[in-house]
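Here are the chains, one letter per residue:
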Amino acid sequence: MSFEPKIVGFLCNWCSYAGADLAGTARIKYLPNVRPVRVMCSGRVEPSFVMKCFAAGADGVLITGCHPGDCHYHEGNYKTIRRYSLLKRVLEQFGVEDDRVRLEWVSASEGDRYAKVVDEFVKKVKALGPFNGTKLLVK
Amino acid sequence: MVSITINDKPYQVEESSTILKACQKAGIDIPTLCHHERVKPTTVCGLCIVEVKREKEGKEESSLATSCNSNVKEGMKIYTDSDRTKERRKKAVERLIARAPEVPILRHLAEEYNISIPAEGEGCILCGLCVNMCEEVVGQVVFRFEGKGEERHLTAESDRCIACGACATICPTGYIHMDDIKERKIVHSELLLGPKSSIYVTSMQAVPNKPVINPETCIHFRTGKCGICSQVCEREAIDYEMKEEEIEVEVGNILLAPGFHPFNPEAMAQFGYGTLPNVLTSLEFEWLNCAAGPTGGEVLLENGEKPKAVALLHCVGSRDENFHEYCSRVCCMYALKFAHLIKEKTDAEVYNFYIDLRCFGKGYEEFYKRLLKEGVRFVRGKTGEITFPIYEEEKGKLVVRCEDTLVGRIRRIPVDMAVLCCALEPPEDAEALGRLFGVSRSKDGFFMERHPKLAPVSTSTDGVFIAGAAQGPKDIPDTVAQASAAASQVMSLIMKGEVELDAAISQIIPELCSGCRICNNLCPYTAISYDPNEKLSSINPVLCKGCGTCAAACPSEAIIAQFFTEDQIVSEIEGVLI
Amino acid sequence: MEAKIAGKKIGVFVCDCGANIAGKLNVPEVVEFASSLPGVAVCKEYRFMCSDPGQDLIKNDIKEQGLNAVVVAACSPRMHENTFRKACEAAGLNRYLFYMTNIREHCSWVHEDARDATQKAKALVSGAVLRTAFLAPLEMKKVKINPSTLIVGGGIAGIQAAIDLAEGGNHVYLVEKKPSIGGHMSQLDKTFPTLDCSA
Amino acid sequence: MAKLKLAIYWAAGCGGCDVAILDTNEGLLKIAEIADIVLWPVATDHKYEEIEKMADGAIDICLINGGVRNSENEHMTKLLRAKSKIVVAMGACAHQGGIPGLANLFTKETVLNRAYRETPSTENPDGILPVQRFSAQEGELIIPEFYNTVLPTAAVVDVDYFMPGCPPAIHQVAAVVDIIAKGDLPPKGAVIGASDKTLCDECTRPKEDRKVKKFYRPHEIIFDNQKCFLDQGIICLGPATRGGCGNRCTVKSNMPCRGCYGPAPKVHDQGTKFLSALASVIDSNDPAEINSIVSQIADPVGTFYRFGLAASYLRRKRSNEKN
Amino acid sequence: MKKISIDPITRLEGHGKIEIFLNDAGDVENVYFQVPELRGFEKFCEGRPVEEIPRIVTRVCGV
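Protein chains in written order, with our numbering: chain R, 1 to 139; chain A, 140 to 717; chain G, 718 to 916; chain Y, 917 to 1239; chain B, 1240 to 1302.
Hints are computed from structural coordinates only; laboratory data are not their basis. Among the hints, a few may not be true.
Straight line, CA to CA, 25 Å or less: simulated SDA-like cross-link-like pairs of lysine to any residue [unchecked claim]: (1) Y:K1233 x R:G69; (2) Y:K969 x B:I1257; (3) A:K508 x A:T544; (4) G:K803 x G:L855; (5) Y:K1130 x B:P1288; (6) Y:K969 x Y:K1001; (7) G:K895 x A:R574.
Pair by pair, the computed Cβ-Cβ distance ranges are [said to hold, decoys possible]: (8) Y:Y1132 x B:S1244: 48 to 56 Å; (9) Y:D1202 x A:H590: 31 to 39 Å; (10) A:K635 x R:A26: 34 to 42 Å; (11) G:I880 x A:E380: 30 to 38 Å; (12) G:V892 x A:K635: 20 to 28 Å.
Derived contacts from chain G toward chain A, CB cut-off under 8 Å, selection only [what the hints assert, rightly or not]: (13) C767; (14) K859; (15) I862; (16) G875; (17) F909; (18) L912.
Beta carbons: idealized from backbone N, C-alpha and C, even for Gly.
Bound conformation, chain R alone (with noise of 0.2 Å):
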């Protein structure tokens, strides 16, 4: 059956996770590839998490935090854009594409955005495929 791309998300507690539950709530349908993990804030997810989850076999991630300005604990959301911005050139000179990493500000209040940005998120890894980048590894 077609590729199913496997999509780890990092969902930041105070708005896009809640963004992610107020979709629930108003049972807003959207595609099922995106697998939540919380943390407390966008700031709290390091780069090295992203090369963890292409190396344990993700073929995208998705990090989602407050929009700049609103973050619950005021600057944790800009430390995520200046780790974003370098990693997103080491992950093109690793050749990554540049599609299968994606930063969203995704509020509380927004749950259709939420749905939107991971339907979005999701057709497009589709379209690259799969990552398998550790297969081509050695011999």
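Please build the complex by placing chains A, G, Y and B on the supplied structure of chain R, with the hints as guidance.
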């Protein structure tokens, strides 16, 4: 003190006083036009002429003097109504009325001295009050006299004008007047909704009931001059140097109740607010109704007459795709209240233009039934626009065009006054407050409660509560209920006396910390400090909120974000990728 | 990783939430999958985990089976994380040895295909179980609460709360932007429905 | 007590670690005193066959430096593992892939092409590439197969101890020899010959304001020899690299650290960890400005993963594209 | 055809193997000297900043 006689009655008067002031103190009325106690006398109009008799070298001399600028002297005999005085005054009135026939005092004197009043005149009597006022009090020197004799006239450098209105108020003939920027009649100009001067008491029930100065309009703050209010205040309570001072307080809980901000209906041009006369917002209509208000509670049109028909427009800006989708919840009920008040105070026809009448509260529906009996007309249909009269019977009225969905026709209803029930918007500084106190906002911009059903007055930040319209439009009973709910939640926290801090915070392991200080600037709560002699950074557990940003940055993994450690998250990643 | 999991006795409790979860997910399949995960000692399904009997299920298993970690797969932790933490604590298990994963708002309510939703639920449960391998007991700190309160906004809401609190003997700082308190209500003459004064 | 059997082997390394052992000067006497060398290609004439004939575990301690680049490296590493009680992965190459690991940014084909065809000084008109099997008249000749990816020793065999550094500092090699001599080796899997704290702990350059507005390459700035490199916008991997090297670069040679001593004890991927730390101190919250600051870093992967590319989570550039 | 192989060649930098083929008379028929070592410095130095090259290429040979 000096002893003098006025109209042959003896008086004791202070030396420095002018004749005019002495007579006024004695209760004798002397007409004046170009006199103002805050400005140097210009002695141009001549109305304040009096006859003065004095002993000089044994002979009694009589002379005429302008009382506004002549001082009293010992033994002076003043006659305010002698023939000589009246004759000179008559000449002065003739000269002045020719130039400014509308001035009430001149018309009154003209009748007294039966002088004919010309149809119209130049208006300016060259009294120079505006020149002195603008120079001495306001300090902007906008006006000057130019030309000699017949050509003498007033000129103004308008770019220096700060629109403080002092010249307009002092001009005795009304020659100088204030215009609205859009050159339209200010709604209720006579009624002047809002404070008249820069120093005012906000309302009769103001707490604290003290006057305040509006620095934007106060001349002293703008030009450094004037200061009349401090001169007249006997208690010398006015101190212009008062500055805002920052007070630091330590609190355990915070309640945000900044209320709402009324929607500005100018954005809906079709209702003509700001362009058509007698179109008011609900708060303006409230102020009109208020006994302490400009009309003493009477419902009056701009021209001062009672309206014969009033339209109350519901859902202005609410339940509207282009503005606010939400229902502002309170407008239906206060519109009914307005209808009742109008019926009570005038015998006007009242039309309520509504979509759905939301009388949901206790005693609300009964109040609505009462209004039906009082003959209020309810038109089921949101108003399309308020427009100009076309047909004969609409002459001089505002025409409300709406689709009456129950009748299924477009109707044109002429009214004298329209009240717009504007939407309740989030407070203007909601975004700043939200950021400051870590409270997120729902899609419509109001503060976001922790849970719509289970925690309506608390927020996702412990110790920060919200109540009232800032959390969402609501009426007074609901607001009071929420306020008490929030107060009780705060009280229960206070009575508990202590709170358990979530243990999911970060910690630095000294054995692994190399003192590289990468984490030091990352903490928004300044929980991370560096000890130079130990060469170690450490986290203050009470300040740390557990966001984990420092743990993500620590290059030696010396910071453990408890309950969200690297191992836990990495293993969860492996787990979800089965 | 294996060393960590070896010492663990994890209890996994999957909630039906009435039909909210069971209506879409094949819960028995998730339970059966969970019991196959390393370190899982007990794995149960229950209709309403947040109900008292549901919580008792956890408490008893902790006591009887000697569980040293608990995973609940149900609704959002923002709703009932505290409920289950208190339940674990009541049974003597440190509240931070409990982890909750959301298979309702993030699974059963948002995916069309039941099989996909079930597969995702399994992934979330597996993630939670592997995460509990590294959970460590933590102690809560207690901090004194400053009894005074700051109220921002001197409208009817602020005044009412200030009076309630002050009468309760607490110090209140009422902060109002405008020169006088009263907010919009002070501008009203009469208030519905009783049309009495608004003073 | 009987002398230990010691084997020292170099796989995909440069021999620098062997020289480091020689540089211990008197240390060699101590080694000779406590051990008999059974294999040390750079210094003694032992042959592979001798090792193959040994019983398993015959060798007490084996120091392997260099990662696994070709089939011979893999074979010898596995062989020595079988024959040795204790295997120590010595030096950055064995510990985390080292400089040769940088080849993981390219595929086998592009490396061979470049080396045997494109380089200007190579005359190879027929474009012949090395082949693993070549049948000459006399018989078949076999050379080791060149793998597509370099791996650190621990990715191929179970390693008992790691001795980081490129090369390991001489005083650390001597210290390890002492530990071996006394026989008080720490628990299995430990890193020996290095500190548990990162370089900043021993670095004498004071660290003040961790706020970087601009990154400089060393020639773009006259930097202050006393102040910390990172504070001045010069990329230094000190915060993310184990100490113990005696700050021979950052203090003694006034050069920023390039991470040869490998990650701190609990860190899995040194390059990515440093990336997170470096990005966090960028002093801007505006995405556009951040991007422009980040673009000032000349070669992120080449700098952050200089020695640790092969041991990073991704280990290599995804090779399904032409590169 | 008899073969003697010296594997590895020692006391020098780098790996190598010599395979000597003797004919029936025991004389050397042919000798092959194999140098299998290739790291790829020529390729992976591409893209590295020029100022870092001295710190990379010193690791070609440590002896």
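Okay, the hints, checked on the actual structure:
1. Y:K1233 x R:G69: Violated, at about 36 Å.
2. Y:K969 x B:I1257: Judged against 25 Å, a Cα distance of about 21 Å means the pair holds.
3. A:K508 x A:T544: holds, 21 Å
4. G:K803 x G:L855: holds, 14 Å
5. Y:K1130 x B:P1288: With Cα atoms ~17 Å apart, K1130 of chain Y and P1288 of chain B stay inside 25 Å; holds.
6. Y:K969 x Y:K1001: Roughly 16 Å separates the two Cα atoms, so the pair holds.
7. G:K895 x A:R574: holds, 21 Å
8. Y:Y1132 x B:S1244: 48 to 56 Å: holds, 54 Å
9. Y:D1202 x A:H590: 31 to 39 Å: holds, 35 Å
10. A:K635 x R:A26: 34 to 42 Å: holds, 35 Å
11. G:I880 x A:E380: 30 to 38 Å: holds, 34 Å
12. G:V892 x A:K635: 20 to 28 Å: holds, 25 Å
13. C767: Check failed: Cβ of C767 of chain G comes no nearer than 12 Å to chain A, outside 8 Å.
14. K859: Since chain A brings a Cβ to about 5 Å from K859 of chain G, closer than 8 Å, the hint holds.
15. I862: holds, 4 Å
16. G875: holds, 4 Å
17. F909: holds, 4 Å
18. L912: Holds. Min distance 7 Å.
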